[in-house]
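Trainee: Sequence:
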Amino acid sequence: MGCLGNLLWLIFGGFFAGLSWLAVGLLWCLTIVGIPIGKQCFKMAQLSFAPFGKEVEYGGGPISFIVNILWLLFGGLEMAAGFAVSGLILCITVIGIPFGMQMFKLAGLALMPFGAKVK
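Using this note's numbering, the first residue of the sequence shown is number 18, and each one after it goes up by one.
Hint data in this document are derived by calculation from the structure and do not stem from the laboratory.
All values derive from a computational prediction rather than experimental measurement.
Check the hints yourself; a few may be wrong.
[Unchecked claim] Distance condition first, Cα-Cα at most 25 angstroms in a straight line; then the derived SDA-like pairs of lysine to any residue: (1) K71 - F59; (2) K60 - C20; (3) K56 - C108; (4) K71 - K122; (5) K60 - P115; (6) K122 - N85; (7) K136 - T110; (8) K56 - K122; (9) K122 - G76; (10) K136 - A62; (11) K136 - F121; (12) K56 - I80; (13) K134 - A67; (14) K122 - F32; (15) K56 - T110; (16) K134 - L43; (17) K60 - T110; (18) K136 - A40; (19) K71 - L47; (20) K134 - I49; (21) K56 - G76; (22) K134 - F82; (23) K122 - I49; (24) K122 - C108; (25) K71 - L89; (26) K134 - L24; (27) K60 - K71; (28) K60 - V111; (29) K71 - I49; (30) K134 - L21.
[Claimed, not checked] Here are the simulated distance ranges between beta carbons: (31) K136 - L89: 21 to 29 angstroms; (32) F82 - L27: 30 to 38 angstroms; (33) I80 - T110: 37 to 45 angstroms; (34) I112 - L90: 15 to 23 angstroms; (35) T110 - L87: 36 to 44 angstroms; (36) G51 - C108: 29 to 37 angstroms; (37) L24 - C108: 17 to 25 angstroms; (38) G77 - I109: 29 to 37 angstroms; (39) G78 - I106: 32 to 40 angstroms; (40) G125 - L27: 15 to 23 angstroms.
C-beta atoms are modelled at their ideal positions from N, C-alpha and C, and glycine is treated no differently.
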């Protein structure tokens with residue numbers, strides 16, 4: 018399902034999910050302090066464009082925890098809510114359930130993306 022799933026994913030919402038991560042990354046890169054956070058957003062955009070066949074492993078240390086708290090305060094909750102609503106809409110039909118599950122994976126990443134590794 019990897020290649021075909023990723024192609025269908027782009028058509029049914031993945032393109033907009035990736036664009037939202039890119040937009041947030043560009044906003045963070047407007048300041049010098051936000052560049053490391055913007056780079057992480059670009060990594061998540063890459064995952065958003067092709068999520069099938071990839072797994073996310075959560076981890077990190079105290080620095081990741083602090084940055085995740087800042088992320089939640091400055092936009093993570095809104096993005097997670099958007100991905101969750103998109104996932105619910107996609108899960109209405111049986112065909113959309115795999116795509117809805119990918120949106121839920123992105124919603125979890127939108128809550129705490131720093132310290133997560135994509136495998």
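Trainee: Look at each hint and say if it fits the structure.
Mentor: Each hint, compared with the structure:
A threshold of 25 angstroms between alpha carbons decides the hint, and for K71 with F59 the separation of about 16 angstroms falls inside it, so the pair holds. Restraint check: the Cα-Cα separation between K60 and C20 comes to about 19 angstroms, which is no more than 25 angstroms; the hinted pair holds. Note on K56 and C108: the hinted pairing is violated, with a Cα-Cα distance of about 31 angstroms set against a maximum of 25 angstroms. Taking the CA atoms of K71 and K122, the gap is about 11 angstroms. The hint holds against a cut of 25 angstroms.
Our distance criterion of 25 angstroms between C-alpha atoms is met by K60 and P115, whose separation comes to about 22 angstroms. Restraint check for K122 and N85: the C-alpha separation of about 17 angstroms stays at or below 25 angstroms, so the hint holds. About 29 angstroms separates the Cα atoms of K136 and T110, which puts this hinted pair outside 25 angstroms; it is violated. In summary, the hint linking K56 to K122 is supported, as the alpha carbons are separated by about 20 angstroms, within the 25 angstroms threshold.
Restraint check: the Cα-Cα separation between K122 and G76 comes to about 15 angstroms, which is no more than 25 angstroms; the hinted pair holds. At roughly 15 angstroms between alpha-carbon atoms, K136 and A62 fall within 25 angstroms of each other, so this suggested pair holds. Restraint check: the Cα-Cα separation between K136 and F121 comes to about 17 angstroms, which is no more than 25 angstroms; the hinted pair holds. Annotation: proposed proximity of K56 to I80 holds, straight-line Cα distance about 15 angstroms (limit 25 angstroms).
Between K134 and A67 the alpha-carbon distance is near 15 angstroms, which keeps this suggested pair within the 25 angstroms criterion. Proximity of K122 to F32 is assessed by CA-CA distance (about 15 angstroms); at most 25 angstroms being required, the pair is judged to hold. Under the criterion of a C-alpha separation no larger than 25 angstroms, the hint pairing K56 with T110 is inconsistent with the structure, at around 35 angstroms. Among the hinted pairs, K134 with L43 is consistent with the structure: their alpha-carbon atoms are about 21 angstroms apart, no more than 25 angstroms.
Of the supplied pair hints, the one linking K60 and T110 is violated, its CA atoms being roughly 30 angstroms apart against a limit of 25 angstroms. Between K136 and A40 the alpha-carbon distance is near 24 angstroms, which keeps this suggested pair within the 25 angstroms criterion. Under the criterion of a C-alpha separation no larger than 25 angstroms, the hint pairing K71 with L47 is inconsistent with the structure, at around 30 angstroms. A C-alpha spacing of about 24 angstroms is found between K134 and I49, which places the hinted pair at or below 25 angstroms, so the restraint holds.
Between K56 and G76 the alpha-carbon distance is near 18 angstroms, which keeps this suggested pair within the 25 angstroms criterion. Note on K134 and F82: the hinted pairing holds, with a Cα-Cα distance of about 14 angstroms set against a maximum of 25 angstroms. With a C-alpha separation of about 29 angstroms, the suggested pair K122 and I49 falls outside the 25 angstroms cut-off, and the hint is violated. Note on K122 and C108: the hinted pairing holds, with a Cα-Cα distance of about 13 angstroms set against a maximum of 25 angstroms.
For the given pair, K71 sits about 24 angstroms from L89 by alpha-carbon distance, which is consistent with the 25 angstroms threshold. Restraint check for K134 and L24: satisfied, since their Cα atoms lie roughly 23 angstroms apart, inside the 25 angstroms limit. Note on K60 and K71: the hinted pairing holds, with a Cα-Cα distance of about 13 angstroms set against a maximum of 25 angstroms. Taken as a hint, the K60 and V111 pair is broken in the structure, with Cα atoms around 30 angstroms apart against an allowance of 25 angstroms.
With a C-alpha separation of about 31 angstroms, the suggested pair K71 and I49 falls outside the 25 angstroms cut-off, and the hint is violated. A threshold of 25 angstroms between alpha carbons decides the hint, and for K134 with L21 the separation of about 24 angstroms falls inside it, so the pair holds. For K136 paired with L89, a C-beta distance near 24 angstroms keeps the hint of 21 to 29 angstroms intact. About 33 angstroms separates the C-beta atoms of F82 and L27, a value consistent with the hinted range of 30 to 38 angstroms.
Distance hint check for I80 and T110: the Cβ-Cβ separation is about 42 angstroms, which falls inside the suggested range of 37 to 45 angstroms. The hinted window of 15 to 23 angstroms between I112 and L90 is violated, with their beta carbons roughly 37 angstroms apart. Remark: the range hint 36 to 44 angstroms for T110 to L87 is upheld by a beta-carbon distance near 37 angstroms. In this structure the supplied range 29 to 37 angstroms holds for G51 paired with C108, their Cβ-Cβ distance being about 34 angstroms.
In this structure the supplied range 17 to 25 angstroms holds for L24 paired with C108, their Cβ-Cβ distance being about 20 angstroms. For the pair G77 and I109, the beta carbons lie near 34 angstroms from each other, so the given range of 29 to 37 angstroms is met. A hinted range of 32 to 40 angstroms for the beta carbons of G78 and I106 is consistent with their spacing of about 36 angstroms. A beta carbon spacing of about 20 angstroms between G125 and L27 agrees with the range 15 to 23 angstroms that was offered as a hint.
Hint check: violations occur at hints 3, 7, 15, 17, 19, 23, 28, 29, 34; the rest are consistent with the structure.
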